[in-house]
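Residue numbers (my numbering), protein chains in the order written: chain A, 5 to 158; chain B, 92 to 821.
None of these hints come from the bench; they were simulated from the model.
Careful: at least some of the hints might be erroneous.
Stated by the list, open to error - Label-pair restraints from in silico Cβ distances:
id, chain 1, residue 1, chain 2, residue 2, range
1, A, Ala115, B, Asn702, 39 to 49 angstroms
2, B, Arg646, A, Lys34, 29 to 39 angstroms
3, A, Ala85, B, Leu524, 36 to 46 angstroms
4, A, Pro144, B, Ile492, 16 to 26 angstroms
5, A, Pro67, B, Lys656, 18 to 28 angstroms
6, B, Arg646, A, Pro69, 46 to 56 angstroms
7, A, Ala85, B, Ile492, 56 to 66 angstroms
Said to hold, decoys possible - Derived coverage of chain A by chain B (criterion: at least 3 residues anywhere in the stretch with Cβ under 8 angstroms from a Cβ of chain B; other residues may be distant):
id, segment
8, 78-84
9, 93-101
10, 138-152
Just so you know, even glycine gets a beta-carbon here, dropped at the ideal spot from N, CA and C.
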Amino acid sequence: MLLVVFQIAHDRFGLDAAQVVEVVPLVALKQAHGAPGYTAGLFNYRGSVVPVIDLTALITGTPCPRLLSTRIMLVTYTDAAGAQHVLGLLAERVLETVTCSPQDFQSPGIASPEAPYMGDMLVDGDQMLRRITVQELLPPSVQELLFAACGEAS
Amino acid sequence: MKQRLKYKIIGLASLAALLPVVIILVITSIQNRHVSSIITEEMSSQMQDHLGQIARDVANLCGTANDLIQSYVSHGHNVAEKIVHEKGSICLDKETVTWTAINQDTKQVAPVTLPKLNLGKTWIGVIKSTSADSPVVDEIKTLLGCTCTIFQRMNQQGDMLRVATNLVNPATQERAIGTFIPAVSADGPPNAMIATVLRGETYHGRSRVINTWHLTCDEPIRDAAGNVIGILHVGIRQEAVESLRKAIYKTKVGKDGYVWVLGGKGSERGRYIISKNGERDGEDIWTATDGDGNLFVQTIVNKALALQEGEVATIRYSWKNPGETSSRNKIAAFIYFAPWDWIIGAGMYEDDYLEMRRRTSGEMQSLFVWTMAGGLALLVSALLAAALLGNRIVRPVENIIAIAQEIARGNIHAANRAFDSMQCVSRDETRDLHEAVKEMTGSLHALVSQVQRSGIQVTAASTQIAASARQLEGTVSRQTESTAEVATESQQISDTSQSLAQTMSRVRSATVETAGRAAGGRDDIVALESTMQQLLNATGLISSKLAIIREKAGRIDGIVTTINKMSEQTNLLSLNASIEAEKAGEYGQGFSVVAREIGKLADQTAVATYNIEQMIREMQAAVTAGVMEMDKFTSEIRLGAAGIEKISAELETVIAQIEELPPRFEEINDGMQHQSRGAHQISQAMLQLGAATRQTMESLREFKGAADQLNDAVQSMQSEVARFSLRGQE
């Protein structure tokens, strides 16, 4: 399998490439008023309005610095009703991919009930990276809010 | 294929129907033959037994009749004896009488003179006429109806002459007196009756009287001396038992068989005594031959005479009765009835028994025919049932084969439609098969549509990748141009720095000259002034050259920023290409490697541009420092030039100041050298960048190739899948 690697604070994280639709450069985002603090905004992706979540803000509480390597990963998100949506994820240093096999993952041994999206650890050479489970990113209330706000975005 | 399956079912059914029938027919046929032979044998033996039994019965009947007659005759004899006794006794007279004696066998006539025979005291007389009364014999006739004769011994041999009788010669209608029975027959054997009587015994038995046989009782007549002088004979004509004869006529054997009686010995030998309905009675058939020319009568007679009492023999021969056109095979059983010298036979035609045999075998034949007809009916019904059942079994299979052929041709839609239109009525395995094929078709439909959708997705992805590659190619070629431009610019900077350094060394030599002149004398102030002016011009030139360098460095910085943006874009493209390659799965493996390579090249580019940026910064700093120094130097020169007239006195100071200048020039020279080296390094870096870009171009070509290959693979997959039509346009 292929992981798209990015960085939050000084830690490396990975997303399953199968869920990634496309990686696009950071563009000016429309403010999404009333959404939770970690919502970076809305943007027009090929004619449809897509909400963008700031992963750095979600995980560390600090907004993601706007660097050249700061990019938006567009992922497929299936909501509780089973409908598929496109969701943008903002992160730093979205520069490379890592090929690995599902057996390479190890459990970190620490349960994190407040962050259910934190997945298993992958030891990639000297470095370690942690897998993010897209499906667990949004609590139901936020799902409703975001995808209701976007309408039939998919 | 389908034909064969159907025919197999029919063949199986007909074999199942045919086999028992054939076996039954074979068994029936064998049994038929066996039973026929047994029946024939049994019937033949039964018939022989039957014939034998009839012959024996008739013989027994004759025996009974014989006994009855015999006892009757005995009684008659007693009566005769009593009558004779009442009338005295029979004795010879002294007188004689001459008889014309006739031998009853040979009819020879011989005159003989014999003493008169008296009954009591009276001569019996010669009474021929039936109207005249003859003593004793006529009384017996009246009382018992028997024949009664008194014989007189003719000679020593014992020839016996009839002297009184109630027997009438049918030819003359007179009493048959004057005939005699010879003691020895013409053909040899002695007469049994006479022999017995001459021995002094009473004879009970059968004897020939004139031409007919009689059952008799003969008692010797003795004289006073006890010699036999005659015979008192009482008898009943054997054939007179008419009822026996009728009974024999009526005895029916089989369909049209009958009982016959032949004579056994002597003159009666081979003569018909009793024939069929009495038609041929008395006929001599001794020399008669059967259809094959055998003297069968002789055979019968010889065989019969050799038989023990009560024993029965059988014979087969062909026989023709009067009124019949052809001789028929006959079977006869016969027995010898010795008391009457009769050969009693019961014969019947084999036709009768053949008729029975024919009937039996006809029954057997009809049984065979019925069995065969039943078998045929069974076979026909089995064939019909098999054809019907076979059709029922084969039709769903044929339908499914047609559907499978549709699927093979790729018409899944047509197959689905066929399923919708088809109704599977049977409840056997064919229904399961039907269901399974239906499910399979459904799955295939789903699979093909999934593959078609996936194909379209992959096509879209590969098209996107190809577009990205083209875009990237454009970017990289633009980058190549920019790199070439940077190389040119930095070469110019290097050249400018070189010329600057030369100018500086010229300034230095000029300064040294100035110092020398200043030291030489103040007279050369004017020359110094012009030299100063020259120096001022040179510094202006240096300043302008430095400005050019700054401008060039600024342009390089702009280009580097462009390259940086491009490498960012390349990285993004390679990232997206990797993701798309992963999604394309197996087909994407080729270009996922290429995408990774491009990513690495983008990283290298980023590093190279970073280095260039650093160098440009250093160079700009160096140029800025140089310009500041030059500005300072120029102002000092100007100050020096302006104050040259005033500073004649201060020339020493000026000279000292000028002498201080060379180290500064050295400093500037160093800066220039450094600048030159920096520009050269930039040039080298640009060459490296150019090589990296060429590599990128090659990788891109490979990438495009991989994308084309992917596209081809997807196209071929789609054309394969397109064989399966999911909508009914075909």
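task: Just pull the numbers of the violated hints for me, sorted ascending.
output: As far as the earlier hints go, 4, 6, 7, 8, 10 are violated by this structure, in ascending order.
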